[in-house]
Amino acid sequence: MDTDSTVVAETETVDAAQAIHGDSDSGVVIETRNLSKIYRDFWGRKKVNALKSLDIEVRKGEVFGLLGPNGSGKSTTIKLILGLLFPSSGRVLVFDKDASETSKNERIGYLPEESYLYKFLTAEETLDFYGRLFDMSGAARKQRVDELIKLVGLQGAKHRQLREYSKGMTRRVGLAQALINDPDLVLLDEPTTGLDPIGSREMKDLILSLKKQGKTVLLCSHQLADVQDVCDRVAILDQGELKELGRVTDLLKVQDVTEIHTKRLTPEVEAEIRAIIEREGGTCTIDNPTATMEDLFLNIVRESEARPGARRVTGTGNSKEAADEGQKAEENQGEAGQ
Amino acid sequence: MILQPEDFWSFYEWLMRPEAFLESAFLQGIVLFILAIVIGLMVGYIISANRYGPGEGFYAVARAVRDLIRFDLPGTSAHRVFALARLAFKEAIRRRVLFVVGLFVAMLLLAGWYLNPESSDPARLYISFVLTATNYLILALALFISAFSLPNDIKSKTIYTIVTKPVRATEIVLGRMFGFMAVGTVMLVPMGLASYLFVSRGLSHQHLEVVDVVEEADGTLVGETDFVQDHKHNFTIQPGTVEGDVSQGLTDVIRGHRHIVTRDANGKFEIGPPAPLRARIPSYGEIQFYDRTGNSKDAGVDIGAERFATGGYGSSGISRVIGLSRGSRKVQHGYVEGGTLGKAEFVFQNVTPERYPNGLFLDLSLRAYRSYKGDIESGIRGSVTLKHPSKDIETNPRTFDINEYEVDELFLDLDQEGTDNNKTRELNVFEDLVDENGQLILVIKCLDRSQYLGVTQSGVYLRAGENPFWWNLSKAYISIWLQMAMVIAFGVMFSTFLSGPVAMVATFACVLLGFSAEQVYDTRHFIDSGIERGGGPIESMVRLLRQDAMTTQLDVDSTAAQVIKTTDAGIVYSLDAIATALPNLPKMVGTAEYAASGFDIFGALLLRHATATLGYCLLAFIISYFFLKSREIAA
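Protein chains in written order, with my numbering: chain U, 175 to 512; chain E, 15 to 649.
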């Protein structure tokens, strides 16, 4: 993706969002101050110190990722931000309001870790119900519900009760309900869990499009690849403590290694480059990059949707053929990238 | 059914108790609210002080109160409450609670096997059966749906998607309560219709022919109907009661109903359908007893059992809890000695031609007490006399036989022979006997020497009118609805801080304690007055294990007895206080008894129940709010 154009899009949309809500604040959407959470048992005895003095700021228009292993405090943080848990000490401010205030929810959309929805409702009823909770008028609600059902691709199943849904479909309804109020801040708890690679790609695309619309997204995940794909900034938590915080691009940049991407390098040129670098006293490895499993999978699925029928299986474990397949995928990736 | 003095109270009397404010429902409600607030604040403070420390804890409690008044109450949106109520309703319906209605219908279908067809009053049997069945079924259902719903949502975490929307705790609580009340309503309506059909169709029957008709010397026809549904009637027809050769008469009352028998010009008899079920609207009078020498007394003669009468304490409210009101409040029969100057006088108000255009319908539910066996074949006889309140004018006594345990219906003509200052003449009730204030005195005497006749205030009344049965049944159903609303409010309240099964047990315990309130009060009465009646829970356990009778002295050493009695008193006093705080459900269930006995359910009574229900729902709502608000949903 073109870096320059992204930057432009970002500034535009942030301005737009500010114009809509008339916020004159510094653009901080979520602020945690010295946030700690201690889980206690019934008798008030300390069980777990789930979160220790967390200080983070999530700014308007960014996609912020909370990363960490299981039990690191990611979900706890999200629940504290939503007011589902009360902090043991410290504060959370959302849109400059305390997390315990109900009114903040007007501008928030939340997709829980698993889509906890009423199984006895149909998709349409579910969205209609959540729309009612925002006091939306009948007409607006109907329009929004139709839009969202289309967005998450459930037109064919909207009259079925959720108990009949697959995990991925439930997840889509969950996502739709999080967006029912066209929120300014979207909190996603493990957004890609339970989704197949296509769904997971769509989810990531959706997050990026939300960002384009100027929304702020906070997600927590341990699918590192996903985080890398969509997040502007990440905070890495472990055992309830903040271990790292910064822009993804900065954090992942390996300072003393240079990467050159080029197409169809002839062996002669390759030798020449190698010679130049060695002349300067450096060492280098020149290799074909490997594509990600996600790209391979998505390409195969797209191909089979375009041309249904049997596909020639190329990668049968034979090392030479496997290498060919890698070559092919690389080419495909190049095409897809354009 | 013996109505107690409190049953006669008007709504205002109940609410304010003009002469005894300590007993008023209003005071009881206020005290309950204040207690709830004080205890709530204290518990809230202890919890939050434990969580945040003493200083911050105080602010947390203050913030919670401020939030309710400043944000959550004004911010509560009817739309959101409706959306949540709709959800609760859908949930219940899609979980197929309507099967309970099917269960009820199945129960009605099978009921025929168990309801005694030879009962002397099948209407009472049928009505009390359907009402009792509905009542307990609906209460059980209310208990289940209300106690499990919220904990289930919290357990399955669906609540996460609700509370992260701009939904306030007030709305969650109200939505749940209203939703379940709607479910209950949807179920009560078909159950009510089924009950109405069951009772009215179950009791309808047709006598087709007459047998053994004998014409007496004055032309009066006396005969019997045929034997249908385990009974037959005797009837009497006075000649020419309609016009020409057509005459009409009534059968006697058998199994709670009678028929009209018509003899047409051709001498053919036709027996009408049973008189429809009805709801008598009684007009009660003030009672005054006179002893054998003619002196006025507060109470009638006590024939022995009345001294041990207990109950009725529910009406004494706060004054009993704080020990100011003691003794039984329950009115039993007062007795009038036969063949003496002893009598019972009833002063009836509002005796006007508009209310009684054709005559006075007098209903009597009396008791007879024989001090010697006498002639066991014939009943004890009594007499009624109508009397002017201030002048010396009275009708000749009309005698009747006392039928115990059923309602004697007497019809008193407007024109009767009587004495006006020792002159015998024809008297008119409205012109000669009723005074300018619309008052009339009715005197009841017992005619048999040394036998006794028992009356209560509710046992003697003028029947001012009748309401249709369906309306009375509806009122009984409204009363069931109110109980259901109360159980739902309690269930939802407990479910905001307890897990489903525990919330259900807690609600059930409240219902149970509410139901046994009068027994708890009785036990306290016995303890207070030192009457040996088994004592409190520990004492009765000891008696059970030792197989001692409950009226003997507790047979353990004096220190042990002291300890047991003191502990018992503590337990019983606490139970008394709790039971006073809980809704008086037996009183509400008791409205079924009105319908079964064929009495119109007083509007004031229903209004009292409705007010109490509203009060308890409000209290439950506020408590629920605080629990839900202070709860960490995700913990």
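Derived from the structure by calculation, the hints contain no laboratory data.
There could be a bad hint or two in this list.
[Unchecked claim] In silico DSBU-like pairs for lysine-lysine, Cα to Cα no more than 35 Å straight-line:
#1 Lys104/E <-> Lys316/U
#2 Lys104/E <-> Lys386/U
#3 Lys271/U <-> Lys226/U
Bear in mind that the values here come from a model prediction, so they are computed numbers and not experimental data.
message: Against the 35 Å threshold, does the CA-CA distance of Lys104/E and Lys316/U hold or violate the hint?
response: 19 Å, holds
query: Would the pair Lys104/E and Lys386/U pass a check requiring their Cα atoms to be no farther apart than 35 Å?
result: It is violated: about 38 Å lies between the C-alpha atoms, which goes past 35 Å.
query: Given the proposed pairing of Lys271/U with Lys226/U, does the C-alpha separation stay at or below 35 Å?
result: Between Lys271/U and Lys226/U the Cα gap is close to 22 Å, so the pair holds against 35 Å.
Checked against the numbered hints above, the structure violates only hint 2.
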